[in-house]
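> Position one of the sequence shown corresponds to residue -11 (the working numbering), numbered consecutively onward.
These are calculated hints, taken from the structure and not from any lab test.
Certain hints may be false.
What the hints assert, rightly or not - The list that follows gives simulated cross-link-like pairs (lysine to any residue, SDA-like), each with its CA atoms no further than 25 Å apart: (1) Lys28 to Leu46; (2) Lys28 to Leu43; (3) Lys28 to Pro9.
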Amino acid sequence: SNLIAPADLRRLDPALLAGRPAGREDDFLACIRPEQIVLKPEAGADTRVAAVTFLGNLRRIELQSPAGPLTAEVSGRVDLGPGQSVRPVIRPEDCVWVLNDTGRT
-11 SNLIAPADLR
-1 RLDPALLAGR
9 PAGREDDFLA
19 CIRPEQIVLK
29 PEAGADTRVA
39 AVTFLGNLRR
49 IELQSPAGPL
59 TAEVSGRVDL
69 GPGQSVRPVI
79 RPEDCVWVLN
89 DTGRT
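Take the sequences, apply the hints, and build the full model.
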């Protein structure tokens, strides 16, 4: 899963903070499962494909985004390659908020 601090998530898409629990912002991290991230190729997008790994029935896509590194997983054939611009689409309801016990803020 991707664990993302609210300040980093805000850089990706402020709407994703809608379900964040009340309290200090750095007390929580958004947990986003890789298969919940939909990738839309988009020229000029500020997220780039860093690597694509074939895992049989799916592809693991490593991304560099405004929120930092992200991992997405897509099934079937994917025509994405390193350096390609994509827009990661994440629904706010796919952000599960967990207590930040990592020491990361």
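> Tell me the numbers of any earlier hints that the structure contravenes, in ascending order.
3
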